[in-house]
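Peer 1: Sequence:
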Amino acid sequence: MTTPTTLDWAETLTGEMLLFGLLGRVFQNYPAAEERPWLQTLIDEDMFQEAPFAASQPDVIEGLRLLQEWSRAGLSDSAFEDLQSDYTHTFIGPDKVRVALWESVYFSKERLTFQEQTLDVRGWYRRFGLQAERIYHEPDDHIGLELAFLAHLAQRGLSALERDEQDEFNQLLRAQREFFDQHPSQWAATFCEGVLEHARTPFYKGLALLTRGALIELAGILPHGR
Numbered sequence: 001m002t003t004p005t006t007l008d009w010a011e012t013l014t015g016e017m018l019l020f021g022l023l024g025r026v027f028q029n030y031p032a033a034e035e036r037p038w039l040q041t042l043i044d045e046d047m048f049q050e051a052p053f054a055a056s057q058p059d060v061i062e063g064l065r066l067l068q069e070w071s072r073a074g075l076s077d078s079a080f081e082d083l084q085s086d087y088t089h090t091f092i093g094p095d096k097v098r099v100a101l102w103e104s105v106y107f108s109k110e111r112l113t114f115q116e117q118t119l120d121v122r123g124w125y126r127r128f129g130l131q132a133e134r135i136y137h138e139p140d141d142h143i144g145l146e147l148a149f150l151a152h153l154a155q156r157g158l159s160a161l162e163r164d165e166q167d168e169f170n171q172l173l174r175a176q177r178e179f180f181d182q183h184p185s186q187w188a189a190t191f192c193e194g195v196l197e198h199a200r201t202p203f204y205k206g207l208a209l210l211t212r213g214a215l216i217e218l219a220g221i222l223p224h225g226r
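Numbering (the numbering used here), first residue to last: 1 to 226.
Treat the hints as calculated values from the structure; they're not laboratory data. Treat the hints with care, since some could be wrong.
Taking lysine to aspartate or glutamate pairs in the DMTMM-like style, the calculated list, with each CA pair at most 20 Å apart, reads [stated by the list, open to error]: (1) K96 / D82; (2) K96 / E110; (3) K96 / E197; (4) K96 / D167; (5) K109 / D120; (6) K96 / D86; (7) K96 / E50.
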């Protein structure tokens, strides 16, 4: 895998922003009634026909296949209830949390939240002028928030590129690499494996594959070094 040229970065960062933004929203939010119109839009606009980023990754190709299967079935009342049931079954309970949404849990023998990882991620957000919407109530190291932060860094990098601010652009690429290495790369693959094992719908299985493939792609293109 080769590092994109300067001319390629605009397309790459746009794709990152779109894909990680979508993944962040889907994992962060339970599919409550207010999310249904947006989910229907994903179907109506055929959003899973192709990926804006990491399109050649095998996991992304298979993830899109599952999501196209889900899209073709439509979002009837029963299909929407299946999503709600699957999110609850996989991420909430009621008997147990099968797949934890928070990084800290994966590094705590007691499976605790609000640990060292949470505070470090919070520091990353603050460094870039951000704060988790439900700070102190929802751990900052939620998979949805971490993916959304990657999207934010991509958007900032794209803005710097468009303004021809090369130093700022390079700093933002390094920030993406550092955050990725310190956080998503340490646990997101395990999270995705858990979703693939426990989720019941092609929707969440497909999203897990998209996430894993996109992060593999990101690992291969972000530059190392100072």
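Peer 1: Determine for every hint whether it applies to the structure shown.
Peer 2: We went through each hint and held it up to the structure:
no., hint, verdict
1, K96 / D82, "19 Å, holds"
2, K96 / E110, "14 Å, holds"
3, K96 / E197, "15 Å, holds"
4, K96 / D167, "47 Å, violated"
5, K109 / D120, "19 Å, holds"
6, K96 / D86, "13 Å, holds"
7, K96 / E50, "35 Å, violated"
Hints 4, 7 from the list above are not met by this structure, while the remaining hints are.
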